[in-house]
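Participant: Please work from the sequences and hints to get the whole structure.
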Amino acid sequence: MEVEITCRFITFNRKNVKRSCENIRDLCKTADIIALQETWLFKEEIPYLNTISDEFSYTGVSAMDTQAGMLRGRPYGGVALLWKRSVFPEVVVIECDSPRVCAIKVVLREKFFLVLCVYMPTDEPDNLVDFTDVLSSVSAIVDSCGVDCVYILGDFNAHPYERFYYELDNYCSDQEWICSDIVMLGISSETYTFESDAHGSRRWLDHCLVTKAAMNSIRNVFVNLGNQLYMKCFWWDGVYWSDHFPLVIECNLSVLPPTKSTRNNIANEFVWGERSPEQINIYQRECHNRLRLIDFPYELRSCADRMCHDANHRYVIDRLYENIVQALKLSSIVSRNTKNTTKRKVIAGWNKHVGAAYRCAKIKFHMWECCGKPKLGKVYEEMCETRNFFKSRLKWCQDHENQIKMDILASHHSKNDFRSFWKNTNKLQCKPGLPAAIDGVSEPDKIANLFANHFVVKSPLGPSLSSLSAKPGVKREVTVKVRDIANAIKSMSRGKSPGHDGLSIEHLKYAGPHLPRVLFMLFNFCIGHGYLPSDMMRTIVVPIVKNKTGDLADKNNYRPISLATVISKVFDSVLNARLNMYIKLHDNQFGFRPGLSTESAVLSLKHAITYYTTRKTPVFACFLDLSRAFDLVSYDILWKKLENAHLPVELLNVFKYWYGSQVNNCGVRQGGLSSPTLFNLYVDGLIDELSSTRVGCHIDGISVNNISYADDMVLLSASVCGLRRLLAICETYAASHGLVYNVKKSQVMVFGARSKQLESIPSILLNNCCLQRVRKFKYLGHMLTPDLNDDDDIERERRALSVRANMLARRFARCSQQVKITLFRAYCTTFYTCSLWARYTQKAFDAFRVQYNNAFRVLMGLPRYCSASGMFTEAIVDCCYATMRKRCASLVRRVRGGGYQRHPAHDREQARLRLSWPLLHHIGWSGATMLIK
Numbered sequence: 017m018e019v020e021i022t023c024r025f026i027t028f029n030r031k032n033v034k035r036s037c038e039n040i041r042d043l044c045k046t047a048d049i050i051a052l053q054e055t056w057l058f059k060e061e062i063p064y065l066n067t068i069s070d071e072f073s074y075t076g077v078s079a080m081d082t083q084a085g086m087l088r089g090r091p092y093g094g095v096a097l098l099w100k101r102s103v104f105p106e107v108v109v110i111e112c113d114s115p116r117v118c119a120i121k122v123v124l125r126e127k128f129f130l131v132l133c134v135y136m137p138t139d140e141p142d143n144l145v146d147f148t149d150v151l152s153s154v155s156a157i158v159d160s161c162g163v164d165c166v167y168i169l170g171d172f173n174a175h176p177y178e179r180f181y182y183e184l185d186n187y188c189s190d191q192e193w194i195c196s197d198i199v200m201l202g203i204s205s206e207t208y209t210f211e212s213d214a215h216g217s218r219r220w221l222d223h224c225l226v227t228k229a230a231m232n233s234i235r236n237v238f239v240n241l242g243n244q245l246y247m248k249c250f251w252w253d254g255v256y257w258s259d260h261f262p263l264v265i266e267c268n269l270s271v272l273p274p275t276k277s278t279r280n281n282i283a284n285e286f287v288w289g290e291r292s293p294e295q296i297n298i299y300q301r302e303c304h305n306r307l308r309l310i311d312f313p314y315e316l317r318s319c320a321d322r323m324c325h326d327a328n329h330r331y332v333i334d335r336l337y338e339n340i341v342q343a344l345k346l347s348s349i350v351s352r353n354t355k356n357t358t359k360r361k362v363i364a365g366w367n368k369h370v371g372a373a374y375r376c377a378k379i380k381f382h383m384w385e386c387c388g389k390p391k392l393g394k395v396y397e398e399m400c401e402t403r404n405f406f407k408s409r410l411k412w413c414q415d416h417e418n419q420i421k422m423d424i425l426a427s428h429h430s431k432n433d434f435r436s437f438w439k440n441t442n443k444l445q446c447k448p449g450l451p452a453a454i455d456g457v458s459e460p461d462k463i464a465n466l467f468a469n470h471f472v473v474k475s476p477l478g479p480s481l482s483s484l485s486a487k488p489g490v491k492r493e494v495t496v497k498v499r500d501i502a503n504a505i506k507s508m509s510r511g512k513s514p515g516h517d518g519l520s521i522e523h524l525k526y527a528g529p530h531l532p533r534v535l536f537m538l539f540n541f542c543i544g545h546g547y548l549p550s551d552m553m554r555t556i557v558v559p560i561v562k563n564k565t566g567d568l569a570d571k572n573n574y575r576p577i578s579l580a581t582v583i584s585k586v587f588d589s590v591l592n593a594r595l596n597m598y599i600k601l602h603d604n605q606f607g608f609r610p611g612l613s614t615e616s617a618v619l620s621l622k623h624a625i626t627y628y629t630t631r632k633t634p635v636f637a638c639f640l641d642l643s644r645a646f647d648l649v650s651y652d653i654l655w656k657k658l659e660n661a662h663l664p665v666e667l668l669n670v671f672k673y674w675y676g677s678q679v680n681n682c683g684v685r686q687g688g689l690s691s692p693t694l695f696n697l698y699v700d701g702l703i704d705e706l707s708s709t710r711v712g713c714h715i716d717g718i719s720v721n722n723i724s725y726a727d728d729m730v731l732l733s734a735s736v737c738g739l740r741r742l743l744a745i746c747e748t749y750a751a752s753h754g755l756v757y758n759v760k761k762s763q764v765m766v767f768g769a770r771s772k773q774l775e776s777i778p779s780i781l782l783n784n785c786c787l788q789r790v791r792k793f794k795y796l797g798h799m800l801t802p803d804l805n806d807d808d809d810i811e812r813e814r815r816a817l818s819v820r821a822n823m824l825a826r827r828f829a830r831c832s833q834q835v836k837i838t839l840f841r842a843y844c845t846t847f848y849t850c851s852l853w854a855r856y857t858q859k860a861f862d863a864f865r866v867q868y869n870n871a872f873r874v875l876m877g878l879p880r881y882c883s884a885s886g887m888f889t890e891a892i893v894d895c896c897y898a899t900m901r902k903r904c905a906s907l908v909r910r911v912r913g914g915g916y917q918r919h920p921a922h923d924r925e926q927a928r929l930r931l932s933w934p935l936l937h938h939i940g941w942s943g944a945t946m947l948i949k
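Throughout, my numbering is defined as the position within the sequence shown, counted from one, plus 16.
Calculated directly from the structure, the hints in this document are not laboratory data. The model shown is predicted, which means the values in this text are computed figures rather than measured ones. Just so you know, nobody snuck in bad clues.
Okay, the calculated beta carbon distance ranges per label pair:
# : residue 1 : residue 2 : range
1 : His470    : Lys761    : 18 to 28 angstroms
2 : Asn297    : Glu417    : 30 to 40 angstroms
3 : Pro879    : Lys761    : 39 to 49 angstroms
4 : Arg235    : Ser212    : 23 to 33 angstroms
5 : Asn236    : Asp433    : 54 to 64 angstroms
6 : Lys407    : Ser507    : 47 to 57 angstroms
7 : Lys902    : Leu309    : 51 to 61 angstroms
8 : Pro778    : Asp862    : 35 to 45 angstroms
All residues carry an ideal CB built from backbone N, CA and C; glycine is no exception.
Facilitator: Set out below in structure tokens:
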């Protein structure tokens with residue numbers, strides 16, 4: 017049994033470490049880690065922290081800039097961390113760019129955790145951007161370290177129910193952090209960590225933020241007010257040293273999950289990886305020679321264009337699939353073995369800086385060996401000289417690894433090789449380590465079984481009882497064409513994870529002209545026989561972390577994704593194209609449809625609400641949440657719906673066999689290209705039933721009483737009675753289709769409720785449970801409020817922008833200017849739903865605009881108060897106004913249909929977009945048009 021590791025963290029604003037040195041020494045007697053703020057130390061005085069205690073190590077940051085000239089007034093700021101060496105022998109100091117933050121990474125018996133000390137600016141309106149920037153810097157540090165257990169201690173200057181506290185609370189909600197002292201002591205308690213010397217007011221300014229994984233370790237939190245040593249009234253020569261009290265956090269670190277480094281589970285000789293043009297040409301030639309030998313199966317000549325249920329033919333189809341896969345694998349092996357691919361650690365910059373020195377040193381070494389390895393002479397000296405030179409170049413590359421990687425990014429960018437640019441950029445993303453145990457289970461086989469049981473969901477309606485319904489000998493209606501297969505392969509994205517066979521889309525894209533021909537035979541035989549090879553259907557279910565700052569040892573912090581074989585993905589793509597020809601979805605469904613997006617759904621929702629509220633009519637909205645909806649799809653009901661859609665029987669048989677034979681999935685297949693279409697069909701009956709009732713919101717004869725994006729649905733009604741009737745329809749439909757509503761996440765909001773009579777409304781029930789009424793709700797990532805004010809959504813995007821900018825500034829600080837500009841355009845100009853901002857205060861928008869300007873300054877390393885218009889003009893980057901105008905113009909173009917290419921599928925999508933036209937007629941483009949002007 018593991019020994020309990022109890023530790024005590026203390027955060028304290030001391031106001032001058034030198035004057036309080038004796039007090040800090042006394043703190044060291046009871047603490048294991050001490051976070052100090054306002055150290056008032058110059059940069060050259062930071063080593064003074066080492067004199068406080070022989071048992072403690074230190075790190076610190078000075079906030080005083082001596083290069084600005086003579087300092088005037090009181091020195092201020094500075095943070096420091098002290099830790100006991102006997103408890104934490106292995107500590108790494110994390111480099112921080114902000115003078116308000118210092119951080120350490122602690123390794124303790126295969127457990128990793130971060131401790132950060134922060135000192136925030138005072139709670140004033142002008143400091144809000146600085147406050148957010150410091151929090152974003154902390155987030156960037158946490159993200160770059162890839163550690164899930166984090167403790168953030170310090171003076172946040174965030175008193176409950178005041179400006180900075182709300183900003184801190186919203187930020188913690190976005191990042192899924194927890195303010196441990198608020199949670200454990202209670203926000204309504206009379207806790208305080210500061211007492212003013214001037215007027216005696218008490219405030220709660222010091223806090224400890226933690227991630228979910230670290231929260232499990234906290235056993236006690238308190239403010240030490242009783243010990244005279246810690247009291248602010250400690251007197252020394254008539255001076256009060258500090259008006260703060262120490263905040264103490266007691267932890268049991270033994271509960272922290274041990275972590276191990278990540279590794280790729282799919283590593284075989286078939287994986288595509290990096291290949292030179294020469295290797296690709298060899299692969300194409302080998303595929304051409306092998307695939308052209310695969311001929312039409314003689315045994316299937318009698319059922320080439322007909323339905324067939326001969327069980328013996330399944331072995332022929334299996335053999336055909338195996339031959340195709342084997343040809344691709346063998347060609348991959350031959351092409352990869354054309355060069356020496358001995359695995360060794362890749363050294364960044366080897367070819368440019370080390371390769372020539374290595375080859376020269378190798379030649380001289382062999383000459384020295386041939387001469388009998390002399391200890392003196394010219395041959396020996398040349399061998400030593402070239403070896404030393406090689407080692408020096410290798411060491412230089414290792415020491416400047418980050419800079420070399422950034423130079424490689426710059427070279428890709430300058431050559432307009434953006435595929436390599438983004439590929440190398442993504443490689444720099446930090447991945448969190450894997451936990452050594454999940455819910456106490458550490459053996460790999462048991463962990464696999466744990467996830468297998470956790471991810472399985474059984475439908476309340478029971479297993480499927482359907483069977484194949486085709487008649488043998490009947491001529492098939494559906495025939496897959498070679499052109500369809502070639503287009504499907506061409507449209508699929510590269511760089512995706514391979515399936516169990518190691519083949520990826522690159523293997524198909526470079527296989528040559530014979531591949532679509534042999535896949536044409538395979539797919540048509542599968543459709544005609546209602547059968548798929550088992551190896552083709554096999555998938556690998558991989559757990560993916562939901563929240564990397566959460567508890568990685570908790571199985572509920574993972575969601576499953578399925579890695580299917582690439583040939584099955586192509587087949588699924590072809591089936592989905594045929595499926596869309598027969599399925600016509602209701603116009604109120606926005607999810608997974610070409611030309612539509614979450615922004616389209618939010619636009620229609622806000623316009624519908626505005627139509628009613630401008631006419632002094634409140635709108636009662638219910639946001640419904642389905643629990644694991646995709647996994648609870650009943651196959652028998654789904655097949656019946658496909659039959660009603662007149663789907664050809666051979667396609668229906670393929671779906672029946674595929675879903676009936678899957679082992680790793682339940683409901684619609686995870687990651688399947690046809691899965692969103694099938695799910696939309698499954699819930700389309702509910703949308704149609706709701707829209708056909710004359711209950712709820714209607715505009716010019718168009719029903720807007722429900723708006724859906726896949727399984728996210730919102731009900732709209734002008735009365736409580738109407739909303740209850742709509743909910744009753746949803747309850748009945750869910751019960752008959754095996755779906756389950758999550759009552760805890762389903763919530764109610766009343767828009768335009770200015771009357772006192774609407775302050776309290778009758779209870780609204782779902783499954784006999786009263787739904788909570790909220791004043792704020794995030795719908796599809798967009799913040800909604802009862803008055804449709806967009807200040808909260810602007811604040812959400814402002815915080816997200818700050819996080820992205822600080823992440824880029826920390827990770828790509830050594831990049832060239834052009835690389836930084838490219839990254840800024842990609843990550844910092846995507847203002848989600850900004851084209852829908854119509855009602856907001858100038859104060860909120862100005863804060864967002866300032867955050868945007870500061871984000872560019874931080875990334876480019878520009879002075880804080882340089883000209884915004886000048887820096888954007890010089891870099892040829894859109895300013896905040898220009899970016900928003902482009903987004904708004906894009907929305908207008910999409911809604912009006914001008915951005916669509918003529919395509920039969922788009923004619924159906926226009927019907928959904930025309931829903932907005934009656935609303936546009938009544939409210940006149942209050943949002944986008946105003947911003948464009």
